[in-house]
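Chains as they are written, first to last, in my numbering: chain W, 1 to 475; chain U, 1 to 83.
One or more of the hints may lead you astray.
As the list claims (entries may be wrong) - Short derived list, chain U residues pointing at chain W, Cβ under 10 Å:
id, residue
1, Glu-6
2, Gln-47
3, Val-50
To be verified - Keeping only pairs whose Cα atoms sit at most 25 Å apart, straight-line, the calculated DMTMM-like set for lysine to aspartate or glutamate is:
id, chain 1, residue 1, chain 2, residue 2
4, W, Lys-71, U, Asp-64
5, U, Lys-18, U, Asp-7
6, W, Lys-360, U, Glu-74
7, U, Lys-18, U, Asp-41
8, U, Lys-18, U, Asp-64
9, W, Lys-360, U, Glu-53
10, W, Lys-360, U, Asp-30
11, W, Lys-360, W, Glu-346
12, U, Lys-9, U, Asp-71
13, W, Lys-71, U, Glu-53
14, W, Lys-137, U, Glu-53
15, W, Lys-360, U, Glu-32
16, W, Lys-72, U, Glu-19
17, U, Lys-9, U, Asp-41
18, W, Lys-72, W, Glu-346
19, W, Lys-360, U, Asp-7
20, W, Lys-137, W, Glu-346
21, W, Lys-137, U, Asp-71
22, U, Lys-9, U, Glu-74
23, W, Lys-137, W, Glu-186
24, W, Lys-72, U, Glu-74
Everything labelled a hint here was simulated from the structure, so no lab data went into it.
Here a beta-carbon is modelled for each residue, glycine too, at the ideal position from N, C-alpha and C.
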Amino acid sequence: MSITTLTFAGFVLLVLAVYYILPHRFQNAWLLTASYVFYLTFTWQFSAILVVMTLVNYWLARWLEQAERRKKALLWIGIGFNLAVLAFLKYAGYFVAQFTARLNSSGEPGALAILLPVGLSFTVVQAISYLVDVSRKQTQASTRPVDFALYFAYFPKLTSGPIERARTFLPLLAQPRRVDNRAIAENFTRIVVGLVRKMILANAFTALAPTSVLQDPSSSSPLALMAWLVAYAFAIYNDFAGYTSIARGVSGLIGIELSPNFEAPYFSRNFTEFWNRWHISLSNWLRDYIYLPISRALLRRNPSRGNIANLIVPPIVTMLVSALWHEAALHMLIWGLLHGIYQVVERIPSLRGPLIPVQKLPRWRQVAGALVVFVLAALAWLPFRASLPEAGRFLAALATNWPLLPSTSWMGLAGVTAMLVPALALDALQAHSGELVFLRWPRLVQAGLLAGVILAVFLVSQTYLNVPTFVYQGF
Amino acid sequence: MALSREDVKLQLRDFILKELLNNPSYPLQDDEALITGGLIDSFSLAQVGVFVETAFNVYIPDTDLTVANMDTLEQMASRVLAG
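With these hints in hand, go ahead and build the complete structure from the sequences.
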């Protein structure tokens, strides 16, 4: 069940109608039931896997908390279990699919391909952080099975996050929740903004970045290829930011606030800022459980900031882990490696002299920084999206086809430029005046805007018969 | 002997100015935003964590090395004194 369908809207209304009349002590059980019904709409096997993961992690954490000896061994067993589930269902699936594709004369993945549960990567990182936090006594092992099961299965965040920590999420489940008119207005706004991002912006940008260009980039001019890169960068951003906005809105109507995941990332003036604004919940997870432990371990050996290992290892390893989390594939590792290298290079000036805060730099340098970050991030999206041979052919065509400028490339460029105006305007508005700026506008403007959005979403849903699934649902 | 808040701030300030900012004469205020103000980056937080371990024998968990807890000298001192 996609969260942009009318079926999902009906499902949410039914869940809320029952939820609002139930006393608090039954609300979590109702949400858990609803979450499993939601997950069952994908396939029943996903739910079975989720039940097993929930039970194992629940008992492991209880055991870990009570154990006086061999805590570390227990923790590693828990981490190993979760990684094994991920490795088997995600990575083994990938390799089996490739293997059977080689066996088939058609080259298509065969029936042996292992089913990848939707949202598995998100559940696994939540499970690992929960076990680590319990072992460090930063959170207590849950003694409420329904609440714990809901932490894993909660339907607004189940398929694509945000990644929540147990120590902040479980207390929200334990306390009574109040949804007043203000909360309804705010979260309805989030849902509408999410629909605009996904249904209007992401779908349009996706149409402007067709897969056919990757298959034969030599027939496109460099200008068209650059337009493709820009379109893809904005497609993936609005797709994921749209999902998050809808998920946060739905959850807000339940009275549970989910973490924000995006803050106008393409306005970032350096890559440190970019990773503080892009997929924030995953970036924070990687910082807490990969980057900082590695950095501290290295600094204990050699406290010099200029030490080559201290400079290179933490960002590179962190970004490679991020790449593997997305997909076990060489092209994805190249994406991670590029972002690791960007961060290493960016840190070099701080070794030689005092850092000038980015907001104190002259305006032109801030704008130039944002442009450089966008161009480099867009280039890195190429191996994120395409296989290595495809990316190689794309770059070769980009470098060699000059000065070919057929009229079609201007059409593509005009389309991307036209869509960039509303996309950048939305980001600028939210970055400057807050995520919920629209609520401060006059009622008449709000009503007109809402009517326009409903009409546009309706038209788009009629135009795109097959609305693409959310990109991050695949992870 | 228990450290006073001023002692902790003095040592932290000295470390930040010399090791992180490379600028011993920088007039760092107690409530000046270090991370959100762009003066130091996330790797510097790891350096602060290791410095606090060695100088004050206090271990700050990685999950506490955040902007919310460690953005200013005042906040860092509070976290160190909390143990």
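Here's how the hints hold up against the structure:
1. Glu-6: Violated: closest Cβ of chain W sits about 25 Å from Glu-6(U), beyond 10 Å.
2. Gln-47: 6 Å, holds
3. Val-50: 4 Å, holds
4. Lys-71(W) <-> Asp-64(U): 22 Å, holds
5. Lys-18(U) <-> Asp-7(U): It holds: about 17 Å lies between the C-alpha atoms, which stays within 25 Å.
6. Lys-360(W) <-> Glu-74(U): Holds, at about 23 Å.
7. Lys-18(U) <-> Asp-41(U): 15 Å, holds
8. Lys-18(U) <-> Asp-64(U): 23 Å, holds
9. Lys-360(W) <-> Glu-53(U): Answer violated: Lys-360(W) to Glu-53(U) is near 32 Å, above 25 Å.
10. Lys-360(W) <-> Asp-30(U): Measuring from Cα to Cα gives roughly 19 Å; hence the hint holds.
11. Lys-360(W) <-> Glu-346(W): Roughly 17 Å separates the two Cα atoms, so the pair holds.
12. Lys-9(U) <-> Asp-71(U): 13 Å, holds
13. Lys-71(W) <-> Glu-53(U): 23 Å, holds
14. Lys-137(W) <-> Glu-53(U): With Cα atoms ~18 Å apart, Lys-137(W) and Glu-53(U) stay inside 25 Å; holds.
15. Lys-360(W) <-> Glu-32(U): 14 Å, holds
16. Lys-72(W) <-> Glu-19(U): 34 Å, violated
17. Lys-9(U) <-> Asp-41(U): Roughly 19 Å between the alpha carbons, so the hint for Lys-9(U) and Asp-41(U) holds.
18. Lys-72(W) <-> Glu-346(W): Answer violated: Lys-72(W) to Glu-346(W) is near 36 Å, above 25 Å.
19. Lys-360(W) <-> Asp-7(U): 31 Å, violated
20. Lys-137(W) <-> Glu-346(W): 35 Å, violated
21. Lys-137(W) <-> Asp-71(U): Between Lys-137(W) and Asp-71(U) the Cα gap is close to 24 Å, so the pair holds against 25 Å.
22. Lys-9(U) <-> Glu-74(U): Given pair Lys-9(U), Glu-74(U) holds - Cα atoms ~7 Å apart, limit 25 Å.
23. Lys-137(W) <-> Glu-186(W): Distance ~35 Å between Lys-137(W) and Glu-186(W) Cα, so the pair is violated.
24. Lys-72(W) <-> Glu-74(U): Violated: Lys-72(W) and Glu-74(U) sit about 34 Å apart, past 25 Å.
Figure legend: structure checked against the earlier numbered hints; hints not met, in rising order: 1, 9, 16, 18, 19, 20, 23, 24.
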